[in-house]
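Asks: One letter stands for each residue in the lines below.
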Amino acid sequence: MPAGNASTRPDRAVDSQSGAALREQLARWQRDTLGPDLEAQGEWKGAYTSQSMRWPIKSLYTPVDLEDIGFDYLRDVGFPGEFPYTRATEPNGYRSRLWNMLQTTGFGTGEDSNKRWRYMLDQGLNGLIIEYDLPTTNGYDSDHPLAAGEVCRAGTAIDTLQDMEAALDLPFEKVEYLTSVCNAPQPINLAMIIAALENKGVDPHSLRLQMPNFILVEYTCVGRYIYPPKHGLRIATDVMEYSIRNYPNWVPISIVSAQLYAARANVVQELAFGFAMAIEYLDAILARGFEIDEVAPYFSFITGVDMDFFEAVAKLRAYRKIWARLMRDKYGARTEESLKLNLMGSPGTMSMALQQPLNNIARLGIQMLACAAANGGQAMNIPLHDEAHALPSDEAVAVGAAIQNIVAHETGVTNTTDPFAGSYFVETLTRQIENAVIEEMAKIESMGGALAAIERGYFQKELAREQIERNRAIENGEWKFIGVNYLQREEPEPQIDMFELESEAEQRQITNLRRVKAERDNAAVQEALARVRQVAATKENLMPCMLDAVRVQATHGELCDALRDVYGEYHPDSLTLGV
Amino acid sequence: MARKTRVLLGKMGLDCHTIGVTVLAQALRDAGMEVIYSGLKQTADMIVRTAIQEDVDVVGISSLSGGHMRYLPEVVEGLRAAGAEDKLVICGGVIPERDAVKLKALGVDEVFTMGAETAHIARYINGKMDERPAA
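First to last, the sequence lines map onto chains V and C.
When we follow the working numbering, the leftmost residue of the first sequence carries the number 1, and every step to the right adds one.
When we follow the working numbering, the leftmost residue of the second sequence carries the number 1001, and every step to the right adds one.
Since the hints were derived computationally from the structure, they do not count as laboratory data.
Don't be surprised by glycine CBs; every beta carbon is placed ideally from N, CA and C.
Among the clues, some could well be false.
[As the list claims (entries may be wrong)] With the C-beta cut set under 10 Å, the calculated list includes, among others, these residues of chain C facing chain V: (1) L1014; (2) T1022; (3) I1036; (4) S1038; (5) V1094; (6) M1114.
[What the hints assert, rightly or not] Chain C side only, calculated, beta carbon under 10 Å to chain V, not exhaustive: (7) V1021; (8) L1024; (9) Y1037; (10) K1041; (11) S1065; (12) Y1071; (13) G1115; (14) A1119.
Looking at chain C on its own, in the form it has when it is part of the complex (with noise of 0.2 Å):
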């Protein structure tokens, strides 16, 4: 049987808003995956080791306050010093579009604004993976 696809859920630094996550949260295991969320309050150091511990395929961070430019190129560095720029990463949120073009060219694979449908993200992801030669 083949593995299911691992996702890391983050929310970083002080933004504490999680109906996002929770619903994604819920999509994704719905849609076979397996989802590990990091709780708050974290930091790019804390959500890269959590990735590569928790051996995930794709690190998805939650930003709703505004604090995406800051550590969403934190998350995509880390990963790559640690060795890990295989993971997919993604990122959703309150994030406006001159925003979202910069992110995507600081390397971070896609992000997904106000009002994104779950099982567009689910596809989206479902769509990486297959793309990936088999292990």
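Same shape as in the complex, but just chain V (with noise of 0.2 Å):
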């Protein structure tokens, strides 16, 4: 190298590392570099995009596109722990303490269950997620005419207080994290976990009890839901603030964007939609005397992270980013703990397919990779490599919770905190969802937000459109979804366990509750669901009235009732559904 050239002087260097000159730079490589290769090979794919904003997706990304986003390393990104908490809400990342390993499942009768989950606890998990069977979250008990065939089968069946009973026979002292998801009946789920608890003899402040209390959801694109959408949210916001007066560690809301993600709501829909329903919540709430910074902490996020593995890094962080901004400058919140978005990052069962299960196993490592980069949340929740085929095995039980330590402990990537920050592509990609994420919302407030967009049946619209563009895309192959459309290999008929388990199961649980029904003081009950009636159709907390009930044996179908005649059912046309 001659010396006295002052342009390989390293303070040169790094001068023309911006602006003007680098500018020429990356011209002169696409004209001389670039470009032959292009003409001499071309490029294997018509278009490359993101999985699923389907945004072009350029060859290079440099320091060119930072300087066109006007990127600015502290108002953008900062340091972990620290706002806008794009890196990391906690200062150390995973090096102060891993996530907590969580695993789904739940199914047959409460003690049919109950094994299940204390085989997972044995397997070292920390938490547990209780999942109940469509009759018991659509609000009937197991011997309503609706609930034939469907008892005990896509999770535990309760209807009343011995079915919560004995599926709460863990060993609560390995238990720190119970996770009940129940949307539509949710105080009168919250009642009878309270009072077996007490039974129990167990403190109900020595665990997080995490309800997602997410009707919002139901009425978007899940459908488990009962009554009309404002008095939907009514029911959730008497949880929410009976939970937070009365047991300030447990977490009564959780927006669980993944659901809207399962129902292949793209990631700005994900985070839009997400947010305009917390907002919703956040106003119910503030509408019952609280503070924001006495609110905001409890608000906890689900996220689903699929196969686009930037796309899901570069959401992930600006998920974190949004919140804190939405917290400090729509709703004045000051302390940490409201500007910290509290979240749950899960790869998603949507992406995992029927056939050839064993690639869900691939699936699921590289979506775990994505969420510990991007510290995807405090807990994580794996779903099993098995459970498109319904019951899934104990052999995919472990696998869940193998994937987990895999990566927290032979990848190395939880040594630093947000090791991808700075990349050209990820901070422009996280830029891209951030802009977009906030216009979104914008339009959703303009419709007088998310209560009244469902209610006109915006965002069932568009996740319907969602899916259709999806599932074309897969259809004429330009999305290869491997196993499915592409590399599909001769395979045995799937076994599909969904009819052993229920007749025999169903009968026990049916014969339990008239059991339950015939044993107990029916003048107490009466008077318990008249109560609940009377309360139903006043501004009063509902909690207190459905614990009275739960604990004279009042049934979770009795109870559902009694709401049922006060507020009616929710019918919605197919046009506000989007179908």
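Hey, can you piece these two chains together into the complex? The hints should help.
Replies: What follows is the structure, given as structure tokens:
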């Protein structure tokens, strides 16, 4: 290297990395180096786009891209544990503490589930997610005509307090977290959990009960709603208020944007719809006389991560940043606990294929890696690779736990915090997502917010459009899904175990229900139900009367019916449903 | 102009998986059919009543949570009892092969399992409509 050549001096080289000089170099590279290569070989795909947004992805990102978006390190990214928390909410990332490792499961009667949960706790998991069967989540007892064939199938059946006590017969010294997923009938479900813990002598403050209580997503895409949306929101707000006032370490609201994602929301919709719903809940709970910093820390979010690795990484980073700004700028939140997004990342069941189920282990590993690399949360839940086949096997439970531990302990991604920060591509994509989410949120606000958007079917129609698009892309082969529309193999018909468990478990469940009803004090039950109807028509919180009712063995279905008597049932037309 | 083929798509019981039915509704509309969607939590009586009221040619039931062996025979029987057995009855979703065989023996015209292409379903319906004697 000739001495005195100014252009090779390090300080000169640093200067030339930004601005006009770099743009010139980039244009030269495109013309002289990339151009001939494109000329000679072309590209093997017609278009390179991100998975869910279908945004064009460039072949190369450079400092020019950061300059184009006006990237400002302190404003856009900052430091872990500090506003706007883009890098992480914890100052030392996963070096101080790994995420809590969770798995979903639940099937059969309370006693059946209990065996499975004990097995999972023995595998080293410290939290459980309880899923209920469809009759329970739709507010019916197991002997209701609509329940036939569904009892104990998709999760645990809970009709009475006795069922809940059987389900919660757990080694509570190993249980730090318990999540109960029962949106529409949440007050009844919560009352049963509180009463069951009381009867067992378990200190309710010794564990953290998390309830999604996310009825707004049911109206949007899940479908397990009972009452009209505004009543659904009121019931959910009662649960939040009661929980916050009485069990300050419990988490009575989760914005499960993962369900939007499972309904094919793209990442911008997932965040924008989820935040719009969070705003609806925040406004409802603030109207009960709280300050923002008293309630914001209770809001937790569960997000789904799909196969597009960088879209997932950028989404997780944008998620934290948008929440922090929303809290500070819209609500005037001041405490760290309000500004820090409480997030649980989760590889998505939607990217699990029924065909060649072992491939799902690879998918789960990649998705977990994205979660870990982008600080996907203080807790992570992993689906099971064979769950498309209905009942997950014990082996799948063990492999799921192992995937989380392999990512945590073998890959090294947890050694440093937010390792992709500063990447020209990741920072550009993070900003693109952020801008698009903010724009979509403004659109929803102009409609009157999430409740109004649900009532007019906006979310439903937008999701339907994405579902149709996504299906088209699979059918025409534009999006390759290995084993599904690409590299298919002749396989024996997958074993779908949906019919074996039911009849015996269903019968057992119905027999238990009838026995409890025969043995209880019916006059006390009628009185308790009358009281629930009376309270439902006022603005008084429903929780105390629900607790009284479950203690005298009023059933889950009876209590849901008492609310049906007052609020009616919701039957949206197909225009609102977007079908 | 020929009358458009009218299709009722239904979800029965507590099964609330609607992506398949949403995607299929659009595909059938794209193929020139008129599609009516029942909404959730339908019983066989409700499906039969709507099918007759709306004068549909095809009744399609989407079943993803295992209720097909219970609901499909009820729909077929209900249509027969109402004198509407000429309607084409199809179902789709998570349906094991052994159940598909049984359902066809019970009077369901065709069963489409997971991964069936929407264009294939549209072609099947059009083919069946073409076989019908002109009204």
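Asks: Each hint needs a verdict: does it hold in this structure or not?
Replies: Tested hints:
For L1014/C, the interface hint holds, since its Cβ comes within 10 Å of a Cβ in chain V; the closest pair sits about 4 Å apart. Among the interface hints, the one on T1022/C holds; its C-beta lies about 5 Å from the nearest C-beta in chain V, closer than the 10 Å criterion. Contact between I1036/C and chain V, as hinted, is supported at the beta carbon level, the nearest pair being about 7 Å apart and thus within 10 Å. Taking 10 Å as the C-beta contact cut-off toward chain V, the hint placing S1038/C at the interface holds, the least distance being around 8 Å.
At a threshold of 10 Å, the smallest CB-CB gap from V1094/C to chain V is about 6 Å, leaving the interface hint in force. The restraint placing M1114/C at the interface with chain V holds, with a minimum CB-CB distance near 6 Å, inside the 10 Å limit. Because the closest C-beta pair between V1021/C and chain V is about 6 Å apart, less than 10 Å, the hint holds. Restraint check, L1024/C versus chain V: the minimum CB separation of about 9 Å is within 10 Å; hint holds.
Taking 10 Å as the C-beta cut-off, the interface hint given for Y1037/C holds, the closest approach to chain V being about 4 Å. Hint status for K1041/C relative to chain V: holds, with the closest Cβ pair at about 7 Å, below 10 Å. With a least beta-carbon distance of about 7 Å to chain V, the hint placing S1065/C at the interface is held under the 10 Å criterion. A cut of 10 Å between beta carbons decides the hint on Y1071/C: the least distance to chain V is about 9 Å, and the hint holds.
Residue-level restraint check for G1115/C holds (minimum Cβ-Cβ distance to chain V is 7 Å; threshold 10 Å). With a least beta-carbon distance of about 7 Å to chain V, the hint placing A1119/C at the interface is held under the 10 Å criterion.
Of the numbered hints listed earlier, not one is contradicted by the structure.
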